[in-house]
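Please construct the entire structure, taking both the sequences and the accompanying hints into account.
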Amino acid sequence: MHNQDLKQKIKNTKADLAMNTYRKYIAFSLITAAFITPASYAETLTVEGDLEVTAAGTAEGDLTVENELTVGEDTTVTSPAVKTDFKVESNGVIWAGEGAGFDDTNLIPTGTGSRMIWVPSKNALRAGEATNTIWDEANIGDHSVAFGSGKASGIYSFAFGGVTLSPSLGSAFYSSEATGDYSFAASGGNASGDYSFAFGSEPNSPLFSTAQGNHSIAMGAGGQANGNHSIAIGNYAQANGDHSISLGVSTVAGAWNSIAIGNSARSWYRSSTAFGVNNILGVVENSWRDSDPLFEIGNGGTSGINYSNALTVLKDGRMALGTHSSIAALQTQEETVQIQGPVLLGDYAGGTVPATPTAGAIRYNATENDFIGYDGTDWKSLTDPGTVTSATQLVDSQGNTVVSIDGNGDLTFDANSTVTFDGAVVSTGGLTTDALQVGASEAIDEATATSLIDLSELLPSPDATAQDWIKNFYTDDSIVVYVLDIDDYGNRYVTGYYRGGFSIGNDIDFQSASSTDYEVFLMKFDSSGDLLWTRSIVNDGSSTGVVVDNSSGSVYVTGSFYDTLEIVSGEVHTSAGSADTYVAGFDSNTGNPLWANTYGGVGSDSGGQIAVDGNGSVFVTGRFIDPLQIVSGETLTSNGSADFWIAGFSGSTGTPLWANSYGGSGNDIINGITANSSSSVYVTGSFWNSIEVVSGNTLTSAGYGDVLVAGFNGVTGAPLWANAYGNNSNGGDSGGEIAVDSANGSLIVTGSFRDSIEIVSGNTLNSNGGNDFFIAAFDDATGNSLWAGSYGGSSGDGVGKIALDGHGSFITAGTFGDSMELISGEILNSMGSTDIFVAAFSTTNGTPLWAKSFGSSSNDSVHGFSAAPDGSLTLSLRVSSATTFGSQIAFADALYTFAPDWLNTYAPVSPVQNTLNVYRSKAIGEHSIALGDHVIAEGDSSIAWGNGNVALGNNSTAWGNQNNAEGDSTSVWGSDNFARGDYSTVWGGENIASGANSTAWGRGNIASGDYSTVWGDSAFAANEAIGHSSTAWGALTKAIGDYSTAWGIFAQATGSYSTVWGFHSRAESYVSTALGHYNVGGFDAANNGNTTWIDYDPLFEIGNGTGNSARANAVTVLKNGQTTLQNKHWFASVDVDSDGVIDSGADLTAVPADPDGATAQDESSAGEALVVNGHTRLVGNVDISGIVTIQPQGDLSMGDFGGSGL
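For the sequence shown, this note's numbering assigns the number -15 to the initial residue and increments by one for each residue that follows.
Simulated from the structure, these hints should not be mistaken for lab results.
Glycine included, each C-beta is placed from N, C-alpha and C at the ideal position.
Hints may contain errors.
Claimed, not checked - Computed spacing ranges between beta-carbons, pair by pair:
(1) 792 x 473: 17 to 25 Å
(2) 1066 x 649: 24 to 32 Å
(3) 271 x 473: 42 to 50 Å
(4) 517 x 616: 32 to 40 Å
(5) 555 x 649: 36 to 44 Å
(6) 288 x 343: 36 to 44 Å
(7) 516 x 610: 36 to 44 Å
(8) 813 x 792: 26 to 34 Å
(9) 803 x 109: 24 to 32 Å
(10) 1033 x 625: 28 to 36 Å
(11) 553 x 616: 36 to 44 Å
(12) 625 x 686: 52 to 60 Å
(13) 616 x 726: 20 to 28 Å
(14) 686 x 831: 37 to 45 Å
Right, dumping it as structure tokens:
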């Protein structure tokens, strides 16, 4: 048919349509025909309307369609310019490319060729180049995807890529093949097991990875994961046993649950592990036999012909050196060592005992049940000392006698010897135990030496090894882990306050009594970080200080409270003002309260700091405005806006012993307090204007605030001395913390200053920018300054608590911004706005000894800090996002303990049985794997891979950067995600899946409901799937109701089983659906319309509002079947004025006032109109009342009204 004939046919068709305007049903189309243009008559065809081709045919040449092109079954469109076939099959298959199939015998193309195929019956997609039959119908699995040249014949399988041999090897091509159900194959991998994963191959080699076992993983060239749940990673690695792992080159894990790591390492036995190179060969054994190896380290070399073990541990506990014979060289049982056969300790290459050993060799004599040593001449007993008949000497390298012992056991030291204990010189010159001089003042005779000196105390305890641990405090509202102290046994006492609920790790949950008030807690952890007890001590308030008294076994807390307080049962205290101060004592063993007192005036009062002297007294500071009494009958009065008080209490009863207040006309505060064993009390803080602590000695501030350091008699409260330091800075200077250095009779003080400050005369300290911090030492008797130093960068920096380590140094912690140099040449750089630092200084002169910083990308802070007797340090801190601290990770508020030695050297973590640790990682759980930098796999069978990931839950997986898989059987992938609910899944960045079986995908989303799903990009706030089995998709959406679905932007589905779609739409009633833009929403709240069917609640809404204050519906369908059409502005709207005059239909804003005086607003139909563009069919009884105006815009067909009339 020529184009001229086609145009005539279109013209005739339009004429026919014009004659049938009022038919009951009109199917309108521009053309319903097939057209064929022979090649010899190929011309350009231009259609300005819709073009529909419904019969089989071919269109060649140039085809231009300006509106819509519909292609029917078995229709082909050929583009000569591209030379590519495009076809739609009768079964819905759409494909483009090369290959057989145009003969209509194959509904899916077959054979080799480049093509793209979509198979709707299988929901399968192919794109790339097919070889042979890999994309024939039989090789297309349901719901499968294959790219490149992959074969995906399994259900839900995925394959892409392949590998080609070099021409010298025949140029053969091997496709990636995912033939197992739910399998994944890439880069030439072959994944034939269900749920298997195969990735990688050898370049220019037919060696590709094979994942044959169900749930198996194979990666690398020639890697084979043949066992179910097996893992093979590396060249030629084989994991043949179920649940086996093979890592490295040519490694073999042959038995059930076996592990092989290294080069040609082979694990042959059930639950065994082999490391190293070419360990001793064996035969696969899947049953447990006590005599089989449990652990092997091979040292057979790389030749492939020698097989040997450097170390073998058998399953019955015996250990073999150089063999794995059933008769092991060493056997350990019940904390004893049993020796079987001849054992020679010495430098010998062979395993046999030589006839004449070298001097110093040791043997076990089985005949006499004795250890014997060879002195070069004869074997002598080592266990039976016999009788000392002659003096025995210890000589130095020059042959001089240093120490000798006679037959009576008396020790004699050489006259030139120097005797030291724990690094300190005891005495020089010849001495015996008759007169042992210790130090410079204490003489100890022989009779009392044993009672006064326990030499074992001078040696490190084997159990006193400091541990590295962290306790994360997770909250659904707010928490502050504030201050802490440590007793002589390493127990940590921590106090803070919270609102809502919080948990410590995954195990312990707490809930406050109020959702608006802050509840104060007191907790005790042991040295390993285990929680021993916890107490809720204040319902509404805060805590500011805690201290433990080792002599009495009590712990004391101070802070502020509102309204009422009941710490001791039955003793209710009521605040005199908005906030009062409390001081309380507790039994450190049980946490039971001993006593509690409160103090305050009608104004706002606050607790401050607290200290003990070890003699039964407790010292507390506070702040007040209005008059108050601490000691009965003695009223303290403020001199300015806020003054501070210091008081002494009996530690056993809480009875106040004395109380004094100090201050001037400005704001004054104490930030730190300490006491020594002589009951002297020392404080530091700041004051404004002037203050008189010591009578007759008025201190005047140079600026808005100066540093105050003062000493008091702890028995009477009388001031001993007071000094002030500062400059005329507008920012103010302040003392921060203070500690007693008893060894040097001094005080260590920290604080902050701006611009400059002079503490030691003639030594001006200058700030590098903003606020810097200073550290200074003072004589505790006179208050005279001894030395001072300052530190900081260009931003604000501060230092907090002080801890003395007892070895001539003190440690402090604080925060800094930008960068800071404490030790010359070592720059600490902040990772965000502010980071945390820990540093040690010499108590002699303040010289920095070491420094370390850590932090997140934003603001981080440290609240409390203390040192333990074993040398470990504990910080209470807050980070803005997941942050690595040594081998631990903090997520928000946390309690972190570490050994100072860790700051300079990283101690590798010893792996436990059936775990894998690689590079600064920690695999704690059974069968766990930790790979990467600072990753932790704590749960059993957990996997942590990447940087800073933590897999806490059993069977959990954390992959990527700073992710946390906390629930059991959880999976998290991406960056900064949390999978907290059991069986939850997270993928993307900054997502949280806290509900059980929940899924969060995208960025910044929260899936908190059980079985909930959230997907999208938060942009500025999170998508949230809160309800049970709810789904939220888009940006800033919320699915709150159970089984609800929210899709779009700012959409909310709050009703149960509700669905919302659009922009700022909301579906609020039960089983409702809302679409569009700012719909009205709503439900009968009095009758629980969000969870219950209410007839007059909305069932379906289409919103057409313009904002939150102008919500409107275009269509509303109620649950009783009533429908409301309420339009605002519409295309070609009907405008009727108050007189019923029809206007032109222009937009209301453009309608002028009519001559009858009606305004433009009167031209509206007031929203009571039905406007339809196109075809309208009304069927059934239709009742139209009022003024009716019909302005046809298309075909209108009326139905049969049954004689009811209009």
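field: Hints the structure fails to honour
entry: Violated: hints 2, 9, 10, 11, 12, 13 and 14.
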